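Protein chains: 6
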Amino acid sequence: MSPSAAFPRPIDSANTPRFAGPATFFRLPMVDDPAAVDIAIVGVPWDGGTTNRAGARHGPRQVRDQSTLIRLVNGATGVCPYDLCRIADLGDAPVNPIDLTLSMDRITGFFARLQDGGARPLSVGGDHLMSLPILRALVGGGPPVGMVQFDAHSDTLDTYFDGLRYTHGTPFRRAIEEGLLDPQRIVQVGIRGSIFRADDRDWPAQQGVRLITMDEVETLGPAGTLDTIRAVVGDGPTYLSFDIDAIDPTFAPGTGTPEIAGLTPREALRLLRGLRGLNLIGADLPEVSPPFDPSGNTALLGANLLFELLCLMAESVGGPPAARADQT
Amino acid sequence: MSPSAAFPRPIDSANTPRFAGPATFFRLPMVDDPAAVDIAIVGVPWDGGTTNRAGARHGPRQVRDQSTLIRLVNGATGVCPYDLCRIADLGDAPVNPIDLTLSMDRITGFFARLQDGGARPLSVGGDHLMSLPILRALVGGGPPVGMVQFDAHSDTLDTYFDGLRYTHGTPFRRAIEEGLLDPQRIVQVGIRGSIFRADDRDWPAQQGVRLITMDEVETLGPAGTLDTIRAVVGDGPTYLSFDIDAIDPTFAPGTGTPEIAGLTPREALRLLRGLRGLNLIGADLPEVSPPFDPSGNTALLGANLLFELLCLMAESVGGPPAARADQT
Amino acid sequence: MSPSAAFPRPIDSANTPRFAGPATFFRLPMVDDPAAVDIAIVGVPWDGGTTNRAGARHGPRQVRDQSTLIRLVNGATGVCPYDLCRIADLGDAPVNPIDLTLSMDRITGFFARLQDGGARPLSVGGDHLMSLPILRALVGGGPPVGMVQFDAHSDTLDTYFDGLRYTHGTPFRRAIEEGLLDPQRIVQVGIRGSIFRADDRDWPAQQGVRLITMDEVETLGPAGTLDTIRAVVGDGPTYLSFDIDAIDPTFAPGTGTPEIAGLTPREALRLLRGLRGLNLIGADLPEVSPPFDPSGNTALLGANLLFELLCLMAESVGGPPAARADQT
Amino acid sequence: MSPSAAFPRPIDSANTPRFAGPATFFRLPMVDDPAAVDIAIVGVPWDGGTTNRAGARHGPRQVRDQSTLIRLVNGATGVCPYDLCRIADLGDAPVNPIDLTLSMDRITGFFARLQDGGARPLSVGGDHLMSLPILRALVGGGPPVGMVQFDAHSDTLDTYFDGLRYTHGTPFRRAIEEGLLDPQRIVQVGIRGSIFRADDRDWPAQQGVRLITMDEVETLGPAGTLDTIRAVVGDGPTYLSFDIDAIDPTFAPGTGTPEIAGLTPREALRLLRGLRGLNLIGADLPEVSPPFDPSGNTALLGANLLFELLCLMAESVGGPPAARADQT
Amino acid sequence: MSPSAAFPRPIDSANTPRFAGPATFFRLPMVDDPAAVDIAIVGVPWDGGTTNRAGARHGPRQVRDQSTLIRLVNGATGVCPYDLCRIADLGDAPVNPIDLTLSMDRITGFFARLQDGGARPLSVGGDHLMSLPILRALVGGGPPVGMVQFDAHSDTLDTYFDGLRYTHGTPFRRAIEEGLLDPQRIVQVGIRGSIFRADDRDWPAQQGVRLITMDEVETLGPAGTLDTIRAVVGDGPTYLSFDIDAIDPTFAPGTGTPEIAGLTPREALRLLRGLRGLNLIGADLPEVSPPFDPSGNTALLGANLLFELLCLMAESVGGPPAARADQT
Amino acid sequence: MSPSAAFPRPIDSANTPRFAGPATFFRLPMVDDPAAVDIAIVGVPWDGGTTNRAGARHGPRQVRDQSTLIRLVNGATGVCPYDLCRIADLGDAPVNPIDLTLSMDRITGFFARLQDGGARPLSVGGDHLMSLPILRALVGGGPPVGMVQFDAHSDTLDTYFDGLRYTHGTPFRRAIEEGLLDPQRIVQVGIRGSIFRADDRDWPAQQGVRLITMDEVETLGPAGTLDTIRAVVGDGPTYLSFDIDAIDPTFAPGTGTPEIAGLTPREALRLLRGLRGLNLIGADLPEVSPPFDPSGNTALLGANLLFELLCLMAESVGGPPAARADQT
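Chains as they are written, first to last, in numbering that gives the first Met the number 0: chain A, 0 to 327; chain B, 0 to 327; chain C, 0 to 327; chain D, 0 to 327; chain E, 0 to 327; chain F, 0 to 327.
Careful, some of the hints might be misleading.
To be verified - Some chain B residues near chain C, calculated using beta-carbon distances under 7 Å: (1) N51; (2) G192; (3) I194; (4) F195; (5) L219; (6) G220; (7) T249; (8) P252; (9) A260.
As the list claims (entries may be wrong) - Which bits of chain B does chain E cover? Going by a derived footprint, with three or more residues having C-beta under 8 Å, they are: (10) 54-61; (11) 88-101; (12) 155-166.
These are computed hints drawn from the structure, not numbers from a lab.
Please read all numbers here as calculations on a predicted model, not as lab measurements.
Glycine included, each C-beta is placed from N, C-alpha and C at the ideal position.
This is chain A alone, in the form it adopts within the complex:
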């Protein structure tokens, strides 16, 4: 008997139409117990940190819906994540759409429970501030981790409006300050767009964060960009955060702070597939904002990127199925 036979399986769209039934992530079963999974796919339906156009609170549901279009095996890498480890939809983190502090605490609590159960989180946002309470749960008390961040924005501003310290433009400044992230092991890819002040990107650079602007992505090419990323994060424990606004807003209009001239989906796939082998402790996909893309195409793209993240994490967890057989 194959070891993976006991792993949760998505409903197979070759037998049951993709449009049938309630939508869970990739048509996986809903599971409550974190100990029952290796990877927990979860939603964080919250945009309390958004300074401009809200709507990312609706991201998890629409990504779930579009994820039902995706089949079982990665056509490019041959990876079937469901063969490698136990994966399920663990539902959404509890949030409060109005009380920011309460929401952050609850998100941390939810992810701490996943952490305690041994489940690595793959999260769909929600705005990018969510990465802070997630990192508190994953890393809090331990040594800081590295991060690969795909994003149009560095999200390392100090304050916003009247000195607010917690917004979707500030999470990684806080995470560095709180010792959750090692700035020397942070690389940010796809940075671009107009800025508030000429020195907006000085602070992260001074901390040692490696910012790769879109211009530099073009210059380096995919291979050079990947080399740079790997050089920064190395083999240590690493978090991967893919803000959908890293992608050009024509491909991903459903987001709150669009910046023209971003990554194409082809570049994104090439970069993500080039990250096989990273030591991933978790990943997230924030800033999918359905009200700004009723067609659902942004969520479709998001669901595909989520599948790539899932494949990376499943390999990180599981290695080849044979090797994992004795672990389940």
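Go by the hints and put chains B, C, D, E and F onto chain A.
Chains B, C, D, E and F in isolation, oriented as in the chain A frame:
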């Protein structure tokens, strides 16, 4: 302890935001066993009988999504269906998007299992042909039942294209021929629009079906229309079918065969609320077609109508909670 | 052999799907010779008189597209226009999108040719200025005719921007001045909305035009409104102009100058069907502007209204088929 | 010289196209000094109290845009508000999209400055929580005022999510508790939809608030509804709050908490025009949420309703122009 | 007299606006007789083989509509197809939206008639299953032909749902089995996306089909890709099938089975223009699905690709006009 | 005190939310006096020269709206234009939507006034015919200038429809004939698409205009393209015209004459940023047509391109702030 405490409850949107978590009908739990519920809300994601614009296959999922906006209690009637009986989301009927005969058989099988378990079905389509296999499961072998049908079209044509006998324009002709429906106890409300031949509506009238055109709805008014409906169906077992195209297509653009100048939502609510006390063996809501309404507003309207149908069925099943306490 | 057998017939959607083939008005054949038809359905793809939001130039094509959804027989009146007289799609009037004067002359020329061939025109706009060159062709040199105008606006302003005399806000002032319309036999239904100056509606009233505002439509009710209309236009030769903006813009968003709180489609159908027996020399449906309604729902409504106009005109031309047999 | 010649005038769309230039409310000039106007039209671009679908923060700008379609004179009542008093666009209240308490304080400060300058506010939201800080500025310290509220929801819940006391579902409970509103002089029109608990509407009723549900609006008719409203609020100082979700969501889809089967625009106009002569100290139009209506039609409807509110307020301020001449 | 003077010409948009008149392919005349044309542009309004999101049945009409935007001469190659041979719109193949077998037979019959008349078909779908009945008409009984297929999917699955052998995922497996296509002369370009099973693409590869994945397109570049294509199909008779989902779904959202990260329109043009000189017996453009792209932009792209296919076929038929003079 | 302190500043979105207040270009103050600014950003809300799909008249307002999303500093070049010179929103040019000649004269008059005041114009269209009256104001009577034109079309046709000499397809033929542009110093980038006649592009080439087709852009690459542009225009006074349809219509669907396979936003940014140092006398951004892109994404792209043009012009005007201190 209150008897209803043991009934399944929706997630309460006063505590958990409506946009959180996967969408089931009214945020109810998913249940597999028909014997565990009194009313089974199910989807039939199938439009194999559609002759013009397909898309109703996507109806159940979008209605599930929009139904999460609805609270627990009917503000007009004070009914909380979840206090009256056991209600859950039983998932979708199995269908095949290409093989019509196979799909019809499977739908009948799925509903027969609900019937065997004692669960009355409340179904979301899918195109209107689905009512035929449902009625086969509910009525097959027993005496014919009555039907209240809200619809722009009589759906009693004989054949379509090259003599096809099974399309969404023919289900009730077949149901009458098969002895599933008693034509003397069928009333069709909201009939209108252009017709193929001047005698299109003669056959149902000859069988005794009572057609109430939109012109007649206007003349009778809500009260007169309700009197006519009750006079036709009386106290016997009755099926209720609410084709979303009964509603004016400006209010419900997401449908395959729109006919202008239909019922308003206010009229629909008034008519449905006026049907309290009917002996309902089941109900359905076909023809919600999301591709023709990306905004989801048709599904929002559909979800509200579904809630009204649910309230009617819950009262039909349960009567006041006190009376039901010994049944659970 | 039935006399109507020789009349042009639409493709029957009970045999050929509605979405098949190029779209002509009601799936009728294209005909070049005006003498071959009694009623010529034509487009005027021109919005050169539009002062605000252009786009009605695209109206004829989208109305053709949506008109393929309409079946052969009027379900409310039982009229099948194609049994009553010879009807076809005569194509579009030649226009120039930039040169207003040239366009008006060409439109007049096109309709004069229809007139010479004995075909009564049923036209789809195009902005409302088109009615002026049409009336020049139909009436020019003869006695003025009456008009039933459904519209949010009186369209009898004197000038616009810098003294322009020809815009879609002025056609009927010009038509009265040119002796094409008898102001005593003009009735305007559905007038509403904000106005430029308090006396905007004084001039038409002074000429004897009967303006029925929306408030008055509500007060009179459909029957009273119809009585008033008939009292104004009587039995004489009458033109019928149905500006789509007479309809509430939620039902008909695709128009250039929307005014909230207009006629509902149900009221429009009731009013149009109440006009059977008028002596109609022609009719038009202006101001359908597809760019402001990508869904096509406005054009669907427009196509249905056009079908009602066609039924009225066919009865006006033909009487019962038997009586018309000797004319073909 | 006419007294109104000195009043600010909108740009006239008969001379300058409506689509030209930056959009201010009704194409009025921007004015900074509250003492320079009698009525200040302002925006409150803030939806910090929204529990479900955010987006009303974008309301003021889109209403400004659509308001440029409106001409100078009310076609139904003949009122030209710009002849009656000094009206201008005073810009937007300062808000913070993340800090709720700070935003409420700033809104109160902004409106207190208007109040001090003698300008009565006509505000465009923003979510409905904004009415609370506005009322604090207008009424705080003085005797409570009356209110006519058009709304699908009573907005008098006590708390939401985890005991939150300030959300868009609670403003009028707080306003009553704070002595800003006299519950005996509050009337709420258009209440409907599903509710959280059967007793949701008991508290306001117990305080003396008069709730007129949609069912009752239908029963009373416009005249009866108006009589009831006037009986409640009488001649005392009154605030008018028109939540766009009072309107049926097919007419006004761009809102956060849609409830089907609401008021039609025609009913809304009739009701508003029936309120001439009220003693209005201010008015607002909350809950226009553009992300849920990219077409802008909700904002177009909102702009028209705003114009009706403006006409009411202008008459309340000014009386006939002659009488006002000595005041300017 | 120039030989091409006798060829059918599109209406020239430099003289008649593009939006005028009913829409035929490229504004060409409608022709019934296949013997009157060298190339027949036709529609196949049928999506009976669609397993997921239906809607391609509406493709031909919307492509016709958008094709009216295209001028007479290919700006890149200088080819004016209408100078090279006789081209017209031959209407749509007869189909039945419900009966799959009947539809396939009728499609074959329709194309057999074109074949008998000497007209090479250029078809607009419709879902990709349509290529099978077309190939049966073109090739049936003769030696198998080659094929250049642009597609995200190989469409060579064996069965789908419950063993269905005829779906839009299986046509080319059937065509190979039926001896219509020579697998050694099939090349598939743009293959990508998730797959059902790891061996989904093994069967075609085993038959000798050359699959060029998107990754390989990137590696080869346009020139290398073209070399590969030419090496596979050589000079023999070849069919060209361009599934619109070969293109990235952001550029072509209106399709039923979108796969992110596809060809760009620039790549597509470069590849198609690089295929001049192929021996083309026919071509098709399937899977344009308007309900998933109300804006029409997918159809606009489709119409442009269709024009490129037309230019290729016209050169294949005609060679330089001078050489063709004696053939007409 | 820093010299730039006296320059007009946009509202800073780090303090006031981007969605607050009426929308002016980049949230700059409105200024009436041309002498008060170095660069006047203005709208030309006029599409009187449009031969196909109108709507560019709505461009300026929607670009203003989207421009509020842009921050103060160019993240790629570090330029903050508001530090370099005096910049403001000067409103819209007066136009008449119906009278073409009158509009052209008024546009010329408006820009002559700017010219007289010493303000260089940066204009948002409007259709491309607007460039002709602008150039008449800027250059009339003086020596011809050079032009860098990004465009899908050469816009150098002689006449259109019936010999019309002034349309959006002819402005630069007229400008060359009138001696406003030196054809030897014109370079057109991004030319592509189908053409009316094979020789459409011969005339400009014969005059010495350098056309760089999309194929050539691909061949030359950004650096080669920039070299070519600079070689053509040199150091002399140059006008820069960026027709939004130079961009691929998937990125910029809101335009009247879309041609597939255009520039990407990344290429556009790279090309524009490569033009630093040109001697720019003015620039424009025509053909943004909101009705064909209700989402506003085209205008968002347009606003970003406008910001790049502004940075180029500010550097051209100002040089480093220190050098400019004595000029203000």
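### Query
Is the interface hint for G192 (chain B) satisfied, with its Cβ closer than 7 Å to some Cβ of chain C?
5 Å, holds
### Message
Does N51 (chain B) hold up as a contact with chain C if the rule is Cβ-Cβ below 7 Å?
### Response
5 Å, holds
### Task
Three residues minimum, CB to CB under 8 Å: does the stretch 54-61 of chain B make the cut for coverage by chain E? Let me know.
holds (count 3)
### Task
With a cut-off of 7 Å on the beta carbons, see whether F195 (chain B) makes it to chain C.
Hint on F195 (chain B): holds, closest Cβ of chain C at ~5 Å, below 7 Å.
### Query
Close enough to count: is the Cβ of P252 (chain B) nearer than 7 Å to one in chain C?
Holds - the Cβ of P252 (chain B) comes within 7 Å of chain C, reaching about 6 Å at its closest.
### Query
Can T249 (chain B) be said to touch chain C, with a Cβ gap under 7 Å?
Holds - the Cβ of T249 (chain B) comes within 7 Å of chain C, reaching about 5 Å at its closest.
### Message
Just to be careful: measuring from the Cβ of G220 (chain B) to every Cβ in chain C, is the smallest value less than 7 Å?
### Response
Nearest chain C Cβ about 14 Å off; hint violated.
### Satisfaction of the I194 (chain B) interface hint, Cβ to chain C closer than 7 Å
5 Å, holds
#### Entry: chain E over the stretch 155-166 of chain B, status - at least 3 residues with CB closer than 8 Å
holds (count 6)
### Task
Using 7 Å as the Cβ threshold, decide whether A260 (chain B) counts as touching chain C.
4 Å, holds
#### Entry: Interface hint compliance - L219 (chain B) to chain C, C-beta minimum distance less than 7 Å
The hint is violated - L219 (chain B) has no Cβ within 7 Å of chain C, the shortest such distance being about 14 Å.
### Query
Do three or more residues of the stretch 88-101 of chain B come closer than 8 Å to chain E, measuring C-beta to C-beta?
It holds: at least three residues are needed, and the stretch 88-101 of chain B offers 6 whose Cβ sits within less than 8 Å of chain E.
The structure does not agree with the numbered hints 5, 6 stated previously, though it agrees with the rest.
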